[in-house]
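There are 2 protein chains.
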Amino acid sequence: MTTPSIPQSTGGPFSGEQEPGVKTPPIETTGFQFNHTMLRIKDPEISLAFYTGIMGMTLLRKLDFPEFQFSLYFLAQLDDQEQVPQETHDRTVWTFAQRGILELTHNWGTEQQADFAYHDGNAEPQGFGHICFSVPDFDAAIAWFDQQGVDYVKRPEDGKMRNVAFIRDADGYWIEIVQADRLATIG
Amino acid sequence: MTTPSIPQSTGGPFSGEQEPGVKTPPIETTGFQFNHTMLRIKDPEISLAFYTGIMGMTLLRKLDFPEFQFSLYFLAQLDDQEQVPQETHDRTVWTFAQRGILELTHNWGTEQQADFAYHDGNAEPQGFGHICFSVPDFDAAIAWFDQQGVDYVKRPEDGKMRNVAFIRDADGYWIEIVQADRLATIG
Numbered sequence: 320m321t322t323p324s325i326p327q328s329t330g331g332p333f334s335g336e337q338e339p340g341v342k343t344p345p346i347e348t349t350g351f352q353f354n355h356t357m358l359r360i361k362d363p364e365i366s367l368a369f370y371t372g373i374m375g376m377t378l379l380r381k382l383d384f385p386e387f388q389f390s391l392y393f394l395a396q397l398d399d400q401e402q403v404p405q406e407t408h409d410r411t412v413w414t415f416a417q418r419g420i421l422e423l424t425h426n427w428g429t430e431q432q433a434d435f436a437y438h439d440g441n442a443e444p445q446g447f448g449h450i451c452f453s454v455p456d457f458d459a460a461i462a463w464f465d466q467q468g469v470d471y472v473k474r475p476e477d478g479k480m481r482n483v484a485f486i487r488d489a490d491g492y493w494i495e496i497v498q499a500d501r502l503a504t505i506g
Numbered sequence: 320m321t322t323p324s325i326p327q328s329t330g331g332p333f334s335g336e337q338e339p340g341v342k343t344p345p346i347e348t349t350g351f352q353f354n355h356t357m358l359r360i361k362d363p364e365i366s367l368a369f370y371t372g373i374m375g376m377t378l379l380r381k382l383d384f385p386e387f388q389f390s391l392y393f394l395a396q397l398d399d400q401e402q403v404p405q406e407t408h409d410r411t412v413w414t415f416a417q418r419g420i421l422e423l424t425h426n427w428g429t430e431q432q433a434d435f436a437y438h439d440g441n442a443e444p445q446g447f448g449h450i451c452f453s454v455p456d457f458d459a460a461i462a463w464f465d466q467q468g469v470d471y472v473k474r475p476e477d478g479k480m481r482n483v484a485f486i487r488d489a490d491g492y493w494i495e496i497v498q499a500d501r502l503a504t505i506g
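Residue numbers (our numbering), protein chains in the order written: chain A, 320 to 506; chain B, 320 to 506.
The set of hints was computed from the structure by calculation and includes no laboratory data. It cannot be assumed that every hint is accurate.
As the list makes no split between identical chains, a pair holds if one copy fits it or if it spans any two.
Stated by the list, open to error - Below are the EDC-like pairs computed for lysine to aspartate or glutamate, each with C-alpha atoms no more than 20 Å apart in a straight line:
| no. | residue 1 | residue 2 |
| --- | --- | --- |
| 1 | K361 | D477 |
| 2 | K361 | D434 |
| 3 | K473 | E336 |
| 4 | K479 | E401 |
| 5 | K381 | D458 |
| 6 | K361 | D409 |
| 7 | K342 | E364 |
| 8 | K473 | D399 |
| 9 | K473 | D458 |
| 10 | K342 | D490 |
| 11 | K479 | E386 |
| 12 | K473 | D456 |
| 13 | K361 | D456 |
| 14 | K479 | D409 |
| 15 | K342 | D465 |
| 16 | K342 | D362 |
| 17 | K479 | D383 |
| 18 | K473 | D409 |
| 19 | K342 | D409 |
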């Protein structure tokens with residue numbers, strides 16, 4: 320995904336901001352990349368409807384593990400340029416070589432337990448905070464979420480940061496919504 | 320990051336696996352992308368040393384919010400082709416337009432509390448599970464982690480899946496380690 324407003328580099332390679340603890344990436348880590356984030360979900364039908372039908376992701380692979388009674392769902396937003404292999408095994412390999420993949424884990428049967436819910440990480444005990452989707456047009460995205468009846472943690476007009484919103488996914492996990500070129504002067 | 324072993328597509332665009340709930344990405348979601356995952360950390364010096372010096376990430380931006388007593392750190396693995404803007408505001412915009420960014424949140428002072436710890440999401444109450452880094456050479460990566468004294472949740476030789484490992488970051492969050500082209504027949 321490229322957006323016309325994304326600035327281009329000037330000068331040599333960027334070597335990182337310096338803070339206590341920061342080290343130069345060792346040669347042994349060449350090619351490491353942040354492939355996916357895994358969240359547990361209660362009901363795959365509801366979560367898949369949310370992440371595909373509202374957040375625009377595509378289901379790349381479903382993996383079933385009957386022996387352990389769970390299934391994994393791997394999703395990503397695809398752009399027109401992305402060449403996803405049709406053949407299943409090739410597509411699995413392709414999926415694990417990308418960035419920005421969302422993995423949803425369904426432990427079978429939780430969808431039938433009325434009082435079952437996962438922990439969002441923002442109530443105590445805290446840990447994981449949120450995932451973030453950047454969008455090309457923040458206002459249009461908010462109008463879309465409103466039209467879809469999405470639940471908000473923070474609407475744009477709440478608090479000081481008018482260019483940041485937080486919505487909830489089907490399990491209550493927080494999703495931050497931003498438009499990159501509106502955040503130049505943040506922090 | 321491109322790896323020679325990643326399969327290329329054959330045929331038309333991939334439209335996704337079909338499962339109950341799955342919908343075609345609506346036109347309103349064009350350009351949405353999964354930008355980052357946020358994890359809270361106790362001590363930035365320790366976490367930055369881990370994610371840069373052991374996991375090969377680069378600190379793209381630190382954002383301070385003195386009024387609210389917290390700082391944010393945005394990191395990514397960069398490859399040689401990536402042109403990161405040197406200018407700070409441009410770099411912020413660039414960061415929010417990428418995929419595969421890790422955001423670490425530090426609430427000031429937690430590093431001085433001996434008994435302070437965040438929740439990893441895998442003990443109860445469950446929710447978030449892990450992040451995953453794919454590596455070009457699984458065996459070499461494991462040797463590297465061993466050399467660095469990294470803590471394991473699951474070593475390659477534990478359990479049935481010899482091509483998957485889980486390590487712990489500085490706060491105990493789980494990081495899955497995989498090599499994409501070894502996972503063709505998983506699930």
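We went through each hint and held it up to the structure:
1. K361 x D477: Intra 29 Å, inter 28 Å, cutoff 20 Å: neither.
2. K361 x D434: So K361 and D434 pass the 20 Å test inside one copy only (11 Å; across, 32 Å).
3. K473 x E336: neither (30 Å within a copy, 33 Å between copies)
4. K479 x E401: neither (37 Å within a copy, 33 Å between copies)
5. K381 x D458: neither (33 Å within a copy, 26 Å between copies)
6. K361 x D409: Cα proximity of K361 and D409: none, with 29 Å in one copy and 40 Å across.
7. K342 x E364: So K342 and E364 pass the 20 Å test across copies only (10 Å; inside, 43 Å).
8. K473 x D399: neither (31 Å within a copy, 38 Å between copies)
9. K473 x D458: within (14 Å within a copy, 44 Å between copies)
10. K342 x D490: between (37 Å within a copy, 18 Å between copies)
11. K479 x E386: Between copies, since 12 Å is at most 20 Å while 49 Å is not.
12. K473 x D456: Only inside one copy: K473 and D456 sit 18 Å apart there, 42 Å across copies, limit 20 Å.
13. K361 x D456: Answer is neither: 31 Å inside a copy and 34 Å across each miss the 20 Å cutoff.
14. K479 x D409: Result: close neither inside a copy nor across copies, 46 Å intra and 22 Å inter.
15. K342 x D465: Result: close only across copies, 18 Å inter versus 43 Å intra.
16. K342 x D362: Between. Shortest inter-copy distance 16 Å satisfies the 20 Å Cα cut-off; intra-copy 42 Å does not.
17. K479 x D383: Classified as between; 15 Å across copies, 44 Å inside a copy.
18. K473 x D409: neither (40 Å within a copy, 26 Å between copies)
19. K342 x D409: Close neither inside one copy (35 Å) nor across copies (23 Å); limit 20 Å.
Of the hints listed earlier, those the structure fails to meet are numbers 1, 3, 4, 5, 6, 8, 13, 14, 18, 19, in rising order.
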